[in-house]
Structure formats: C-alpha cells, structure tokens
Amino acid sequence: MFEFALRRLLGTIPVILGILGIAFVVLYLIPGNPAETLAGPRASSEVLETMSREMGLDRPLPERFLVYLSRIARADLGRSVVSEKPVFESIIEKFPYTLKVTVLAMIFSIGFGLLAGILGAVYRGGLIDRLCTVFSVSGISIPIFLFGLVFLYVFAGKLHWFPTSAYRAGSSWWPLVLPAFTLGVRSAAFLARIVRSSLIEVLNQDFIRTARAKGLPPFQILYRHALVNALIPIVTVIGLDLSSFLNGSVIVETIFDVPGLGRFAMDAILKRDYPVIQGIVLFSAFVFVFMNFLIDLVYAWVNPKIRDEMFGN
Amino acid sequence: MEQLKHLWKRLSWVGRLCLAGIILLVAIAIAAPWLVPKDPMETDPARRLASLPGFLLGCDQLGQDVFSRLIYGTRLSLGIGFSARTFALTIGLLVGLLAGYFGGWVDWLLMRLVDIFLAFPSLLLAIAISMVLGHGLMTVILAIAIVGWAETARIIRGMAMEIRTVEFVQAAQAMGAGHTRIILRHILPNCLPLVIVIFAMGMATAILAEASLSFLGLGVDPSLPTWGGMVAMGKDYLWAYPGLALFPGCCIALVVILFNVLGDELRDVLDPGRKGNWLS
Chain A
1 MFEFALRRLL
11 GTIPVILGIL
21 GIAFVVLYLI
31 PGNPAETLAG
41 PRASSEVLET
51 MSREMGLDRP
61 LPERFLVYLS
71 RIARADLGRS
81 VVSEKPVFES
91 IIEKFPYTLK
101 VTVLAMIFSI
111 GFGLLAGILG
121 AVYRGGLIDR
131 LCTVFSVSGI
141 SIPIFLFGLV
151 FLYVFAGKLH
161 WFPTSAYRAG
171 SSWWPLVLPA
181 FTLGVRSAAF
191 LARIVRSSLI
201 EVLNQDFIRT
211 ARAKGLPPFQ
221 ILYRHALVNA
231 LIPIVTVIGL
241 DLSSFLNGSV
251 IVETIFDVPG
261 LGRFAMDAIL
271 KRDYPVIQGI
281 VLFSAFVFVF
291 MNFLIDLVYA
301 WVNPKIRDEM
311 FGN
Chain B
1 MEQLKHLWKR
11 LSWVGRLCLA
21 GIILLVAIAI
31 AAPWLVPKDP
41 METDPARRLA
51 SLPGFLLGCD
61 QLGQDVFSRL
71 IYGTRLSLGI
81 GFSARTFALT
91 IGLLVGLLAG
101 YFGGWVDWLL
111 MRLVDIFLAF
121 PSLLLAIAIS
131 MVLGHGLMTV
141 ILAIAIVGWA
151 ETARIIRGMA
161 MEIRTVEFVQ
171 AAQAMGAGHT
181 RIILRHILPN
191 CLPLVIVIFA
201 MGMATAILAE
211 ASLSFLGLGV
221 DPSLPTWGGM
231 VAMGKDYLWA
241 YPGLALFPGC
251 CIALVVILFN
261 VLGDELRDVL
271 DPGRKGNWLS
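From first to last, the protein sequence lines stand for chains A and B.
If you're matching positions, the first sequence starts at 1 in this note's numbering and goes up one per residue.
If you're matching positions, the second sequence starts at 1 in this note's numbering and goes up one per residue.
Next comes chain B alone, as it looks inside the complex:
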C-alpha cells in the first residue's frame, strides 16, 4: 500500500489519468450486471436496428441493446486480457529467469524455443491453437498466452543476465545460497519494476489480440457481447449504421491506449535507465 502511494506520487498527471481510467473500467467490468439498463443477450426481431427511447445507442441487427452490450464487453475484454496476460507472464518469468540465471546450454535451449515461438505469425498461431482446442473462453485465453509468453521471456532473460553479475548476487553465492534462493530472493525482486511495465503493455497487446480474434469470428461464442465480435457484426451494416461497428471499435481503442500510455509512464518512473527505448 505504502509503495502504491509512493508510485502514485511519482506518476505524471498523464499516468494518473490513465490509472484512474483503468480503475474506473475495472469497476464497470465488475459492476456490469447492475449497470446495464437492458439484458445484453436479449434478442427481439421487432427491435431490429431500431433506435428506441431507453436504448441509448440503439439496437443491433438482432435487436440487442448496443449500450448494454458495450458495458458487458468491458468485462470480457478486461477479464480475458488479464487472465491471458497473467498466464503468459508466469511462463515468461519462469523461462526468462532460468535462461538468464543459468546461461550455458539451458539458455541456448530455452532461447531457441523462444525463437521458434516468435517465428510463427502470432495471429495465425493463435488461430491454429484455437483450431486444435476448439472454440471457447479457455481456448482464447490459452491462445493469447501461448503467443505472448516468448517476448516476455526474452526481456526477463536480459534483465536476469544483467542482475546475475551484480555484486550482491555474487556475495549471496559466496555465502552459499542455493540457486532457488538467489533466483527468488535476489533476481526476481529486482525484475519486479520491469514486470509491472511488461504487464501493463502486455494487457494492451492481449486485449488487441482478443479483439482481433473475435473480429475474425475465432474468439469466444459470437453471441457473447465482446467488442471485437460487435465490430464484426456491425461491419455488414457499415454504410447505413456506422455506429454499430464504430462504438465498440472506439471502446477497444480507448482501453488499449490507456494501458499503453500507462505502461510508458510506469516505465519512466520505475525503469528510468531504459527511458524511451522500446525494444530492449
């Protein structure tokens, strides 16, 4: 808590704005069932593409309330993004720490694995995974996580290699500390600022990936109100009702911008040495 307060103080106003926006969105996601004016899944042919009083943004081609679907979409978007990112980060941390700390053939082997996963076009790999596992929520989460872990692993490895050579680690080694202890007590805590930055930026990527999969009809069940799925449904009515595709599209853009900018601001605060350097 104390550290969070400290972090808040060091953030610029842009960062604070983004953080506040994200907290607000999380609140919306959690409170979605109590916020929606209508049932987001209720179809009604009579309301097809109609704009009626009480339906803030009108109805889509199945007569579902667009506004309620947008609210629920927050839940799916953030939920899937968060789960996928947590999963990817766990694998990435594990692989990155092991490769960076041990070096040698462990490093060689794990990094070739990373190369292989990075060589597949990420969207196609996600598509192939969802073909093997079948459609569903878990599949989407897994597919995004499997695509995302490799980059995390590569960044963490670089960091671990750097920390390994610092004096306090050598001191711990000299005092007879085991590998596990050094990794968990010395290397991991020093990676944490970087992990927070990676997590924020990774959320942006994961949410974009989920939206792209849903847009292509390869995400979760299309009747569920995901933003990407709504854009896909709306694009057939682009000429007459551009709002159907553009509203959910703007929601995606807003959330991704918030996470990307927050990630940037966090990096400036937590990891000033790397300021402005995006790739390493």
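Next up, chain A with everything else stripped away, as it sits in the complex:
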C-alpha cells in the first residue's frame, strides 16, 4: 500500500509540471509585455523594470521557466494588481468560505443522492424509481444558475427563510445553506444515477440471492452486501465533484454574494487582475490533482485488485 501511494504520488509530478507549463505559456500568450500584465496598467516604469528583472525577461525562456517554478514553490503567486495584496494570502483568506459551501453541498448531495439512488434501485421500474429518474435527469440538465435564482426567489425572497446575500456571513453557517443546496443539486442528481445503476448491477448477482435465501432481512442485505460493493463508483463521483468545486462556486457565489474563491475569481476576471486569476486557476488545479491522488488511495484501499491493475502487475 505504501509503495502504491509513493508511485501514485510520483505520477502526479508530470501533471503538475504540465499545469505549470500551460499557465506559464498562457502568461506569454496574453498580448503585451508579461511584466506589464502582472504589474498592471498603472505601474510605474521603475516597478516594471524591477518586475522584468525579477521575472528574468532578459534571459532565455527555459531559465525564465525555472525562475517561475521557484517562485511558485515558495508560494509566491505575485500581488493583486487592484488591491496590491499578495495573491496567496487572499486565496487562503477566501478559501474557507468556498470550502464551507462545498462541504455543506457534499453532505447534502451524498445524503440526497444516496437516498434517491437506493430508492430507485430497490423500487426499480415503479413510480418511485420514475420520480428519482426525473429528479436526476433534471438535476444534471438544469443550469446551476437557474436553480440558484429560483431558490433565491422562493426561499429568500418570498419565504424569507434565508438572507438574500451571504456577503456578511462571517463565521455563521446559515447564510451558506442556500448556496450549498444549489451547488449540491447537480452532484446529488449525478450520484443518484450512479448509485442506482451500480446497485442494480450488484443486486442481480448471485451472492445477493444467497443472502436473500439465507433469510437475511432486506435492509441488512442492502446495507451489508450491496452498498459496500457499489462503493467504488460512488467514491469516484464524490471525488470528481469535490475537486471541481470551483466550477460551480464561481456561479453560486456570484448569485448569493458569498465572499469566497469563486466570487474572488469573478471579480478578478472583470477587473483583468491577471495575477489573481492565475493564482486561483493554479490553486484549484493543484487541489484537483491532490483530490485525485486521495481518491486513488481510497480505491486501492477499498479494492486491492485496482492496486495491481493500475501498474499492470
């Protein structure tokens, strides 16, 4: 297991280098001088000059890439053009909001997705199954901003259960419930589908028939035998959702005014604050790679067969 983890960890290195490479190339693709892109249009000529020297713009490209790598390694993502605060600091400051919303969304989507998926598989073909299918198809298809606006209109506007803006959420969780609900619908729908289809597959297998023949109560069969074997696809979906959290966050945080990373990214884009955009894109890409690493570890732990397959042993 330890060897597996180590080899898998080493496997992330080319991907991380590739991500940095692309971010680096993009920086040089943006029209204009890269130092100017990073320092902003209002920077004085002295600042631009120091900037160029720091970035090694007078030196050959491979050397520049090394300079770039060493800066990233020191968690130096530059400073915001607008607020002039270090980008990494701002990311760390805003991340908790996004994390909170994401965690709430995950709890909601796992609970709801599991329930809908299990109900669909157990009552396969019946009315409940149909309802669950309708839920999962619409959850996957309806744009997240439409959900957000409808929830905002109904639960915050008409019923006044929630505030219409989460901007002053501070440390309280309540204002984040509605954004989390919105963010979670899609993954709940996705999960419901996966759970349903993988459960149906497992429920058709012989060992389930044996368990039933033994006279085990249905709940125990479902819980002890079926669900455990349907775990792998479920872990995949949960992992995929957790790591692409920022996609939905950009939209959800814009609608509900959550002061998190997504909103931060959106503001930076509108103000063309390039260092911030680059920092957030890199940060979320790293989170993705790390999450994938964790998921593979969980896989290997749940199912030792995968450990061998992954390296073709």
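Everything labelled a hint here was simulated from the structure, so no lab data went into it.
Treat the hints loosely; a few may be bogus.
[Claimed, not checked] Examples of chain A residues lying across from chain B (beta carbon under 8 Å, computed):
no.	residue
1	L10
2	I13
3	L115
4	S138
5	I221
[Claimed, not checked] Label pairs and their computed distance ranges (CB to CB):
no.	chain 1	residue 1	chain 2	residue 2	range
6	A	V298	B	E42	54 to 60 Å
7	B	L57	A	V298	47 to 53 Å
8	A	I232	B	L35	48 to 54 Å
9	A	L10	B	L192	36 to 42 Å
10	A	V298	B	R16	39 to 45 Å
11	A	Y28	B	K5	51 to 57 Å
12	B	K5	A	L69	55 to 61 Å
13	A	S171	B	D44	45 to 51 Å
14	A	W173	B	K5	32 to 38 Å
15	A	V298	B	A177	40 to 46 Å
16	A	S138	B	Q3	29 to 35 Å
17	B	R181	A	D257	56 to 62 Å
18	A	L66	B	G79	25 to 31 Å
Please read these numbers as outputs of a predicted model, since none were measured by experiment.
Using N, Cα and C, we set each Cβ at its ideal position, and we do this for glycine too.
Since the structure of chain A is provided, determine the placement of chain B on it from the hints.
Chain B alone, transformed into the frame defined by chain A:
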C-alpha cells in the same frame, strides 16, 4: 438513411420524443429570422419592462422583445454548441484513436496531456482562454472545445484499446494492412455508435457551458440574444419581473434535458453492453 430509419425503429418513445423535439428546435433555429414577430435587437426606452399587445412575453429593461430574443437564442445556443462539440470531437477522436491504437509511450504522453487538461476547472479554463483570445463568437467556441476534448479522448482511447485486440484487427494486421488503414477502416467505424452517444451528451454539456459563460458576462457580445445572457440581464429584476430570467433559463433547461435524455436512449440502443454505466 436506411440506418437512420432502423435507429428510429429501435428507439423507445421517450427517445423519439426527444429526437423530434431536437429536430423541431433545429428548425426553429434555422427559420428564426422568419419566425420572430419583432426585431430582437431593437431597443426602445419607451417600452422598458412593459407588457404590450404584440409582445408575447413582454419587454426587457432595454425595451427588446423577450419572445423574439428567445427564438433567436435557439440559433446561438444550438449553433455554438454544435460547432464547439464538432471541434472537440475531432481532436478527441484523433488523440483517443492514436493513444488507444499505438499504446506504449504515445499513449502515456497523450494521456498525461489529457490529465493536465482535465485538472483545470473547466469553467475557469474556458474563462482563461477567452481572456487570452479576447471576446467573440470564435473564442467561446474554441474555449468550450478545448475544455471538452479531453474527456472524449479518454473514452475513445478505452474503446480503441478494446477493439485493437479483437480478431478481425489482428487478421487485418496479419494481412499487412497499414496503421492508417486499420485505424480508419476497422477501429473508427466500430467506435461510431459510441461517438454518436458522446456527441449527443456533449451537446448538452456544451450548451450548458455556453450558457454559463454568457451568464457570467464572458460569452459572446452581451447585446446578442443568448439565453445565458438574458438570464444575466434578467437577474437584476428578479424580484419584480422574475419571468425575464426564468423564461430563458427554462429554455436552456429544456434543450439540455432533450440532449441528455436522447443521449441516454441512444446509448441503450447503440451500446447495450454499457447500459447504465455513466462513467466508463
């Protein structure tokens, strides 16, 4: 044509309904200029947020006819979705076939590339691309395509690897057929059913992506009548005129549902072995 007829016969009624709906929408998209009662881009301060006779769903804050804009939105939504998807599929097919067929270091290299593209949050990557290329129709299409090709490549690769080991391919190799011939004549045709399914589902994703970009104000020119852009404009008037945001939002939802369900039904017909398995 014969094959299409055959396909139609095997589809369930749900699939047929979706296909018919999509054909209808394509017709609306093509015929949009003759269908709209008013000019969708004509602004008039006097008509601001008014509901007047002849304006079926009222006017938005610029006095533009909401109904006409919705009709035109079909054109942009389907057009951008189709172009982006075709582009993504072309790259995905190329990379997937090469990686799956040749294996070895070609596979390793191409798959690491796929990993890298999948590691960026797709929406942020699309945003970054549109920042580099500037705003415009082509940018949006490119951004959605660049985000979408990697997943296609991964699925096609799996399929190509499977087909490569089947006897008829080995027979063709033994008879001295070249790589190009084997890929084009033997592997690609056997991937086609899967490609059709991927295309239908990909349309849904691409249309959603376009709508999200437009919603965030990063899509095509905001004066153009895109559904996502209309939701974004309407959300400022959500409390007094919820219809402004909800009508275009429902249009997006409807189109995406049609493509997703059709993709599902097509997979049940074309690729029964994978029935119900979404990820592989």
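Each hint, compared with the structure:
Interface hint status for L10 of chain A: violated, as the beta-carbon distance to the closest one in chain B is roughly 13 Å, over 8 Å. For I13 of chain A, the interface hint is violated, the least distance from its beta-carbon to any beta-carbon of chain B being 10 Å, above 8 Å. Contact between L115 of chain A and chain B, as hinted, is not supported at the beta carbon level, the nearest pair being about 19 Å apart and thus beyond 8 Å. Contact between S138 of chain A and chain B, as hinted, is supported at the beta carbon level, the nearest pair being about 7 Å apart and thus within 8 Å.
Violation of the interface hint for I221 of chain A is found here, the shortest Cβ-Cβ separation to chain B being roughly 20 Å, above the 8 Å cut-off. Checked against the hint of 54 to 60 Å, the C-beta distance between V298 of chain A and E42 of chain B comes to roughly 57 Å, which is consistent with it. A beta carbon spacing of about 49 Å between L57 of chain B and V298 of chain A agrees with the range 47 to 53 Å that was offered as a hint. Between I232 of chain A and L35 of chain B the beta carbon distance is about 49 Å. The supplied range of 48 to 54 Å therefore holds.
A hinted range of 36 to 42 Å holds for the C-beta pair L10 of chain A and L192 of chain B, which are about 38 Å apart. Our hint of 39 to 45 Å for V298 of chain A and R16 of chain B holds, since their Cβ atoms are close to 42 Å apart. At roughly 53 Å, the beta carbons of Y28 of chain A and K5 of chain B sit within the given window of 51 to 57 Å. As the Cβ distance of K5 of chain B to L69 of chain A is approximately 58 Å, the hint placing it in 55 to 61 Å holds.
The hinted window of 45 to 51 Å between S171 of chain A and D44 of chain B holds, with their beta carbons roughly 49 Å apart. A hinted range of 32 to 38 Å for the beta carbons of W173 of chain A and K5 of chain B is inconsistent with their spacing of about 57 Å. Between V298 of chain A and A177 of chain B, the C-beta spacing of about 43 Å keeps the proposed range 40 to 46 Å intact. For S138 of chain A and Q3 of chain B, the hinted distance range of 29 to 35 Å is satisfied, since their beta carbons lie about 31 Å from each other.
Taken as a hint, the range 56 to 62 Å holds for the pair R181 of chain B and D257 of chain A, whose Cβ atoms sit roughly 59 Å apart. Against the hinted window of 25 to 31 Å, the Cβ-Cβ separation of L66 of chain A and G79 of chain B comes to about 44 Å, which falls outside the hint.
Checked against the numbered hints listed earlier, the structure breaks hints 1, 2, 3, 5, 14, 18; every other hint is satisfied.
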